[in-house]
Every structure is written in structure tokens, then in C-alpha cells.
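Engineer: Those protein sequence lines, which keep their order, are chains C and H. Basically this note's numbering = 1-based index in the first sequence + 256. Basically this note's numbering = 1-based index in the second sequence + 19.
Take the hints with a grain of salt, since some may be wrong.
[To be verified] Derived coverage of chain C by chain H (criterion: at least 3 residues anywhere in the stretch with Cβ under 8 angstroms from a Cβ of chain H; other residues may be distant): (1) 346-354; (2) 571-584; (3) 602-609; (4) 655-661.
No lab work stands behind these hints: they were computed from the structure. We treat Cβ as the ideally placed atom computed from N, Cα and C, and that holds for glycine.
The primary structure of each chain is shown beneath.
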Amino acid sequence: MKTLLRAIAALSLFFSVSLALADDAVERGRYLATAGDCAACHTSRNGAPYAGGRVLGTPFGAIPAPNLTPDHATGIGAWHADDFYRAMHSGVGHDGTSLYPVFPFTSYTKVTRADTDAIFAYLRSLPAVKAPAIDNTLRWPYRMRSMMAAWRVLFFDEGEFRPDPKRSAAWNRGAYLVEGLGHCNECHTRRDSFGAPVTDPLVTGGIVPVQNWYAPDLSMARHGGLEGWTEADVVALLKTGRSQKGTAFGPMADVVLRSTQHMTDADLAAMATYLASLPERAPPKPRESAVDARELAQRGAKVYAARCATCHADDGRGKGDAYPPLDGNGSVTDPTGINAIRMVLSGGFAPATPGNPRPYSMPPFSQTLDDDDAAAVVTYIRQAWSNKAASVSPGDVRAYRSTPGT
Amino acid sequence: MRRLLRRLVVVAAVLCTASAAASDASAVPDTLAQRIAACTACHGEHGEGGDNGFNPRLAGKPAGYLVRQMQDFRRGLRHYDVMEYMVAPLTDEYMHEIAAYFAAQDVPYATHPVPSTTPAAMARGEQLATRGDPARGVPACMACHGTALTGVEPDIPGLVGLPYDYVSAQLGSWRTNTRSTVEPDCMATVVGRLTDADISAVSAWLAQRPVPADVHAAPAGSVTPPLRCGVLGASR
Numbered sequence: 257m258k259t260l261l262r263a264i265a266a267l268s269l270f271f272s273v274s275l276a277l278a279d280d281a282v283e284r285g286r287y288l289a290t291a292g293d294c295a296a297c298h299t300s301r302n303g304a305p306y307a308g309g310r311v312l313g314t315p316f317g318a319i320p321a322p323n324l325t326p327d328h329a330t331g332i333g334a335w336h337a338d339d340f341y342r343a344m345h346s347g348v349g350h351d352g353t354s355l356y357p358v359f360p361f362t363s364y365t366k367v368t369r370a371d372t373d374a375i376f377a378y379l380r381s382l383p384a385v386k387a388p389a390i391d392n393t394l395r396w397p398y399r400m401r402s403m404m405a406a407w408r409v410l411f412f413d414e415g416e417f418r419p420d421p422k423r424s425a426a427w428n429r430g431a432y433l434v435e436g437l438g439h440c441n442e443c444h445t446r447r448d449s450f451g452a453p454v455t456d457p458l459v460t461g462g463i464v465p466v467q468n469w470y471a472p473d474l475s476m477a478r479h480g481g482l483e484g485w486t487e488a489d490v491v492a493l494l495k496t497g498r499s500q501k502g503t504a505f506g507p508m509a510d511v512v513l514r515s516t517q518h519m520t521d522a523d524l525a526a527m528a529t530y531l532a533s534l535p536e537r538a539p540p541k542p543r544e545s546a547v548d549a550r551e552l553a554q555r556g557a558k559v560y561a562a563r564c565a566t567c568h569a570d571d572g573r574g575k576g577d578a579y580p581p582l583d584g585n586g587s588v589t590d591p592t593g594i595n596a597i598r599m600v601l602s603g604g605f606a607p608a609t610p611g612n613p614r615p616y617s618m619p620p621f622s623q624t625l626d627d628d629d630a631a632a633v634v635t636y637i638r639q640a641w642s643n644k645a646a647s648v649s650p651g652d653v654r655a656y657r658s659t660p661g662t
Numbered sequence: 020m021r022r023l024l025r026r027l028v029v030v031a032a033v034l035c036t037a038s039a040a041a042s043d044a045s046a047v048p049d050t051l052a053q054r055i056a057a058c059t060a061c062h063g064e065h066g067e068g069g070d071n072g073f074n075p076r077l078a079g080k081p082a083g084y085l086v087r088q089m090q091d092f093r094r095g096l097r098h099y100d101v102m103e104y105m106v107a108p109l110t111d112e113y114m115h116e117i118a119a120y121f122a123a124q125d126v127p128y129a130t131h132p133v134p135s136t137t138p139a140a141m142a143r144g145e146q147l148a149t150r151g152d153p154a155r156g157v158p159a160c161m162a163c164h165g166t167a168l169t170g171v172e173p174d175i176p177g178l179v180g181l182p183y184d185y186v187s188a189q190l191g192s193w194r195t196n197t198r199s200t201v202e203p204d205c206m207a208t209v210v211g212r213l214t215d216a217d218i219s220a221v222s223a224w225l226a227q228r229p230v231p232a233d234v235h236a237a238p239a240g241s242v243t244p245p246l247r248c249g250v251l252g253a254s255r
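Make a model of the complete structure from these sequences and hints.
Structural biologist: Written out as C-alpha cells, the structure is:
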């Protein structure tokens, strides 16, 4: 009798321990899927979490994100952890065909097997949703998946992240998150005409395709896009959506909302440590301002005084936690001028997060400023105070007058 | 004497810093109105609505209705680029606070021009608004929006004081599926039973109607909707 009781006790202990371990993996996977921002693409705006359906525009056509819930027929119900690792690590789908690089396997290849297993365990724990794949609308010849073989040879370096023993644990963790799971380089770089992100050097800034925002260079050193930022500023932006140096807008606001605000302080600090180690950049090539740039800036000074100075201050330093500085703000002086144009035309709210639950906002000026006045005020803020960026033209403003997509 | 002077200097310095700090803090009012400048730029400081047919009045609309609209824009059920972009970074809590702000505003209604229309169309508009068209399964506007058409707390908006352009555009957008809401979407059902001429007629009749003396929404539970509506809590 005693033996039986003991056996039952041992068995129940065994099951609860293995259940707890499984729970641990699921919970770790949930965190990692959040850090990797999988839902940004794999959850549609009005859809079930991870059931796919969001259609991602690319310069080559639109590609809908597939269903990651464990539905057998339409999701990953028939997948094994090996299949999932192969997709993440090698960019190869369940049927053995190559995935398109809109799925950032170019970065995810650095994710460890332990982490892909945890993410897989989490996805398997979700309620199964029947959501059949939608066909892509890639144009010829891009819809020929066989072309991906050549693309992979040219642009894909397969391999898990290898820690640098000479660096700190925090740096290595930050590098893993920025270069791998966080896939920052999928936006914060230029893409060549084959849609391949430039990887050497990493995160040097570029236009986000189709969405048309400028994802800035992430170096905090001289001439970097985050020059003058401290590690605390980086952590604050990722955690709360704002910092003393600038506020997250456009696609980055979405990243903060879905992903980085939920990450641990240790992971955010690690990312900042890594970014702080990025080298200084070459001084920007002087881009000639238009011949009428002086007049444009003078006209812009008047617009600024009338419309902007109340919040951003005459000296461009912004106002406390409410309104970000424009002087020394890399989004104002980005090489293209896109972000400043978009902000002036569309305004909007900083992301609402626990650290900034009732954000201040900026009125959209698209209905009150014509192309000339908008170009004038953007030119002014790009050249006032310590800012030294090139002018923008009324034509540039016209190009980005459409409201940014969500 | 020197000590006194030094003290005075110190006191003066402290006072200056204090007042500088005070002026810096007072520069940005910690009010909701200041925080939502992006809303009021188009909808008016008190949500009185823009000087056009496109930026509707928000003042006095039931809070539940306003929250629903923001959520529908965020979820892509209701389409308007500017609003979809605006509400994307907001939480439900913040939306509730913003909605409560506009719902509590009590400002006079503006008058809007009414397009000229035929007496027959006006009669048709009145019929649809007040009695509906039972033969085609169209309930009266008043059946849900209240006999005074000032809406019903907390989820049904008023239909008074709205410009013709706005009402007709909204009815049209239900038809073209650029405005929808949670299922069952009873406004989509109703609009599906209206003709183009009906939409013009009922929009014109609503727009020409004088704003009543009491514009407040009727109390919760004061209507029994003839259709099952997701926005009123009905499930599919």
C-alpha cells in the first residue's frame, strides 16, 4: 500500500515537473516571439493572434504572412520542431521550397536552436485557427521560387550567432537580439535592387520599402544616426516610446507597441550596450541644397514661429517629456528628409505605453500647409540651430503627402 | 554686510531658478486637451467639428460610440487613412479617456448648408427617418437613434446637426464596405436595403432638420432596437 502511494507520489511529481518545464518553454517562447515581433506580420489587424493574413507590400509584389497557429491543415499543426528550425535557420518552408526574404530568415538564421524550439512550443500552445494561406501577388519573374536559389547563394549567410568571447555577456546578448531575433537590420539598412539588405556594416539606415519612412542609422558614435544618445536614451525609447532625444513614430512606434515595451530591462540594456559599440560613421556627403534653399529656410522660419515654436521651442529643444527636440534629432536630419516631411504632414501620437500612457500628440498639417510651406518649414528645421541637413523641395513634400499606411 | 549681500544673491538665484522651472513646467499644460492636439486640430477644441463636411462633430456623442469608432479604425473595420494612422498607437484606456472628454463637451451646433432637393425626396427622407419602409425591411432611424434623433447612451450616436455631405458619405461607405463594425453589422444590413436615392433623401432630410433644444442623448435602455446589432452587444 505504502509502495503504491509512493509510486503515485513519484509519478505525480514527475508529471508536474515535466509540465512545469513545458510551461517554462512555452513562456520563454512567448517572450522570444514578442522580442522577435512575429505578430507584427503574422497577425492581421482584425485577426486572431498569429493566424496570419496580414498582406505585406514589397517592391516585388504583395506577400501575405502565413498562419502560425497549430491548425493541422492551414497552420503549423503538421510541423515538427525540426521543420520550424529549418524555416528560421535556413529559410526553407515545410514543403522544402525556399521562403521569400520578406520573412527575415537572413536575420533569424542567427537564432539558436533552443530559442526556435521555445518559440515553436509557444506557437503550438496557441488555439488552432483555420486560416488558409492567401496567394501572393508577386510579379513575374519574382513569383518563380526557383530564383531564390540564386538569391540565396548571393545574399544569404546561414549560421547561428557566435558569441564573441572578448566581449561582455551583455554585449553578446545585445548583438544576438539586434542582429538576430530582433532583426533590426531588416529595416535599418539599405536594400539593393534584389531586395537584399546591406549587412556590412549593419544598421546604417535606409528607407523602409513601400512604407516609405526612413529607418535611421543606429550608431551612437560620431556621425551616427544616434550620435549624442546615451544608452539610457535608447532603453527609454524602446521601453516607453520616447526619450530625451526623440520619439518613436511610424513603423518604429509599432515595434515599440508590439515588441520592445514588453522586453526586460536587462535585454533592452543589452541592446543599448551593443549599439553603443557600433563604430563611428563616415561624415555625411554634403548634399547640395537647392539654389533657393536660403529663401525657403527664411520662409520656413516664419512658418516655424507661427506653427511649431509653441511646442518645440524657438531654440528647437522641445519641451520636457511632452515634445521632442528637433535640434540634433536624427529623424529631422535624416539623409532623405522623409521623416520630417511625414511628421509635419501627418503628426500623430507617440505610442501609448505603461511608461507614457497618455502621450502628447502633434496635429497633422497636411490640410493647413501647402507643398511650398511644408517644404519651407522642413528645410528650416533641417538647417536651424546645430542641424546641417540638405533642403527639401515642394516636390519631395508632394511625394510623401499620402498618409502613412498602418 | 558682505554676508547679507551674499545671502541676497543666493536668494535671488534660487528665486530665478524656481521661476524659470515654473515657467518651463507651465509651458506645456498637463491637460487632456493639450495632449490630444492631434484630434482637436481637425475636430475643434471642444469637438465641435470642422468647418467642412468631413471632420465630424464629436462633442456630446455618446462615449461608447466614440470608443467604438476609434477601435474600428484601429482594427481596419472603418476606413479613413488619417484616422487609422492617428489611433494606431493608442491603448483602449486612452481611447476611453479621449472619448469621455468629447462626450462631455456641450457646445452649440453649427448650421450647415442643405442641398436643394425635391419635395418628393424630402417626403421620402422623412418617411425613412420617422417610420421606415417596412415593406423593404428598413426600420426608421428613430427606432434606434431615439425619437428626437439625438442618440441613445452609451453606444448610439445622434443624427442631428450633421452636414449632408457627412451623412451621405457615411451611408455610402457602408455600402462600399469602407465603413463596417463588429458583426452583426446592422447598419450595413439597413444600408443594403436602401437605394441611392434613399441615401440622398434621408441625408437631406436629416441635415435640414432644426437642431432640437435638448440635444443630449436619450438615457440608456430607452429604445428597443428592431435588429440585432454587434455594437449594442448582440452576438453573431
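Engineer: Examine the stretch 571-584 of chain C for residues whose CB is less than 8 angstroms from any CB of chain H, and state whether their number is three or more.
Structural biologist: Held - the stretch 571-584 of chain C has 4 residues with a Cβ nearer than 8 angstroms to chain H, which meets the minimum of three.
Engineer: Against chain H, does the stretch 655-661 of chain C show at least 3 residues with beta-carbon separation below 8 angstroms?
Structural biologist: Since three or more residues must qualify, the claim that chain H covers the stretch 655-661 of chain C holds, with 4 doing so at under 8 angstroms.
Engineer: Can you confirm whether chain H covers the stretch 602-609 of chain C, using C-beta to C-beta distances below 8 angstroms and requiring at least three such residues?
Structural biologist: holds (count 7)
Engineer: Within the stretch 346-354 of chain C, is the number of residues with a Cβ closer than 8 angstroms to a Cβ of chain H three or more?
Structural biologist: violated (count 0)
Consistency note: the structure conflicts with earlier hint 1 alone.
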